[in-house]
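With these hints in hand, go ahead and build the complete structure from the sequences.
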Amino acid sequence: MKKALIFFIAPFGVLFTAFYLVPIGYAIKQSLYKVERTGTFGPAREVFGGLAQYQRVFTDGPFWESIGRVLLFGIVQVPVMLGLALILALLLDSGLVKGRRFFRLAFFVPYAVPGVIAAIMWGFLYSPNLSPFTSVTSSVDLLSADLVLWSMANVVTWVYVGYNMLIIYSALLAVPTEVYEAARIDGAGQFRTAWSIKIPLVMPAIVLTTVFSIIGTLQLLAEPQVFRAFSSAVSSTYTPNLTVYSTSSIPNFNLAAAFSVVLALATCLLSFAFLKMTQRRGGEQ
Amino acid sequence: MKNRILPMLIMGAGTLYFLVPIWWLVVGASKTRSQFSSTEPLWFADFALFDNLGELFAYRDGVFLRWLGNSIVYTGGAALLGTLLAAMCGYALAKYRFPGREAIFNVVLSGVLVPATALALPLFLIFSQFEATNTFWSVFLPSLVNPFGVYLARIYATASVPDELLEAARLDGSGEIRTFFQVSAKLMFPALVTIFLFHFVAVWNNFLLPLIMLGEERLFPVTLGLYSWNTQVNQVPELRMLVIVGALVSIVPLVFAFLLLQRFWRNGLGAGAVK
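As they're listed, the protein sequences go chains F and W. Just so you know, our numbering puts 43 at position 43 of the first sequence, and the rest follows in order with no gaps. Just so you know, our numbering puts 153 at position 153 of the second sequence, and the rest follows in order with no gaps.
In case anyone wonders, no lab produced these hints; they're calculated from the structure. Incorrect hints may have been included.
Stated by the list, open to error - Calculated lysine-lysine pairs in the DSS-like style (CA-CA distance at most 30 angstroms, straight line):
(1) F:K98 x W:K95
(2) W:K186 x W:K95
(3) W:K95 x F:K34
(4) W:K186 x F:K2
(5) W:K95 x F:K2
If you're wondering where the values come from, they're calculated on a predicted model, not measured in any experiment.
Shown next, in the form of structure tokens:
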């Protein structure tokens with residue numbers, strides 16, 4: 001039995017330790033060191049710097065601007081995306097729609113497109129001289145500093161609505177039909193049933209998709225990185241992840257490690273806070 | 001009947017939103033270079049898809065084909081092996097009682113919340129200490145780990161592998177490992193497909209790790225390759241056509257695979273969301 005346990009757990013355990021636990025530990029350690037030189041051109045050596053890197057992180061204006069930017073992005077994009085996903089899932093489930101199988105497949109197709117390629121595609125679609133929507137792109141510059149954030153939000157929404165819709169739709173399918181029977185006998189219409197019965201019942205699925213979306217938002221990288229080729233409005237510190245990437249290629253690994261640690265903590269904290277918040281609300285009902 | 005019009009309109013608008021960009025890509029990839037920007041973007045002109053494909057696969061000694069091969073190994077290989085490892089670990093956490101079981105599970109579960117991008121930089125630093133960056137393994141090995149897969153495998157194993165069956169197998173003298181492969185894995189099969197799909201997408205979408213690790217073009221997965229071409233479009237304008245044709249080539253097989261396997265997605269997503 002013991003042998004079998006080792007056989008089952010050790011392969012994953014070793015890799016998890018090597019590629020999750022060790023890097024996390026290493027990043028924390030790195031973030032506590034700094035590079036010092038004797039004179040301007042002297043040899044560099046790493047010395048313990050305490051929280052010096054974190055001090056720099058917390059006084060780094062562009063980094064906090066980028067955090068503010070992705071938070072703004074998330075506050076708008078996540079509800080829009082999940083709202084769309086919820087509406088589409090409810091419609092699919094309502095029996096008012098013909099050709100359900102077709103729609104389910106059609107909406108899921110973009111999920112097969114990886115973020116980088118989706119961003120490249122939409123980058124072309126936004127470009128004034130290539131876009132099929134010239135009536136839009138000739139009057140509004142979708143790649144300008146004012147709009148590029150929302151152009152990216154559209155790319156993320158396009159990729160993930162179908163996926164989230166499918167999660168919510170599966171949760172709806174799991175609801176026993178007797179529940180709807182009862183609602184119908186009580187005289188509840190489609191809308192009323194959706195609002196008072198279906199949405200509360202699929203709340204766990206919505207919470208799950210929200211947490212994944214929060215994690216995704218703070219990790220935004222591929223889309224802004226690609227859009228730098230299309231728009232000069234996207235700077236090298238446009239999102240927190242881009243900041244980490246460009247700091248590490250300066251290179252200043254210690255500072256980049258500190259950025260990573262702060263970012264990972266912020267992500268976990270936000271996800272956790274959201275879970276706690278929704279659990280408490282659930283408990284009151 | 002009247003109240004069906006609005007829902008169908010919404011579904012129709014949704015279909016346009018999701019499919020028009022793909023349609024544009026298909027149409028665009030079929031045109032000649034000169035017609036690409038001079039003809040109706042959403043309808044065909046001269047059909048030059050095969051010429052474009054030929055050019056794509058011939059460009060720089062067929063580097064694109066090489067990228068496709070890399071992607072298959074990085075993504076397919078990592079997802080296949082990773083699913084097996086996650087399934088074994090999740091199965092053990094579900095079916096055996098041993099000290100530290102919950103502790104292990106909680107550590108793995110908290111791994112789900114760690115953003116993959118926060119790991120990429122320290123991984124790069126560790127690999128560079130062993131002078132192992134810019135190698136196949138520097139991208140492949142970290143891609144094998146899938147904590148979410150362990151979480152799903154545990155849920156599925158608890159639900160679909162009855163203890164009585166394991167007892168019976170033990171009485172018949174079957175070893176634990178043999179029982180796993182011959183009995184439990186078969187019962188968990190639909191779940192394993194789901195874990196595989198999730199893992200596949202995660203690796204396929206992981207952009208930062210190869211971006212940070214790899215310098216040599218011949219090691220790139222297709223996503224990084226297309227990205228690097230796209231950044232050169234301003235200097236080398238003919239690359240634009242190759243980026244568009246390449247994007248189409250890299251997503252079409254996946255779109256079909258996804259549609260075929262969609263049944264598994266739905267079941268798997270349901271089970272993941274109930275918890």
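Hints, verified against the model:
For a cut-off of 30 angstroms, the pair hint linking K98 of chain F to K95 of chain W is broken: about 44 angstroms separates their Cα positions. A distance of roughly 15 angstroms separates the Cα atoms of K186 of chain W and K95 of chain W; the hinted pair therefore holds under the 30 angstroms criterion. Distance hint between K95 of chain W and K34 of chain F is unfulfilled; the C-alpha atoms sit about 47 angstroms from each other, more than 30 angstroms. Distance restraint check for K186 of chain W and K2 of chain F: the Cα-Cα separation of roughly 23 angstroms lies within the 30 angstroms cut-off, and the hinted pair is therefore satisfied.
For the hint linking K95 of chain W to K2 of chain F, the alpha-carbon distance of about 13 angstroms falls within 30 angstroms, and the restraint holds.
Violated hints for the displayed structure, listed by number in ascending order: 1, 3.
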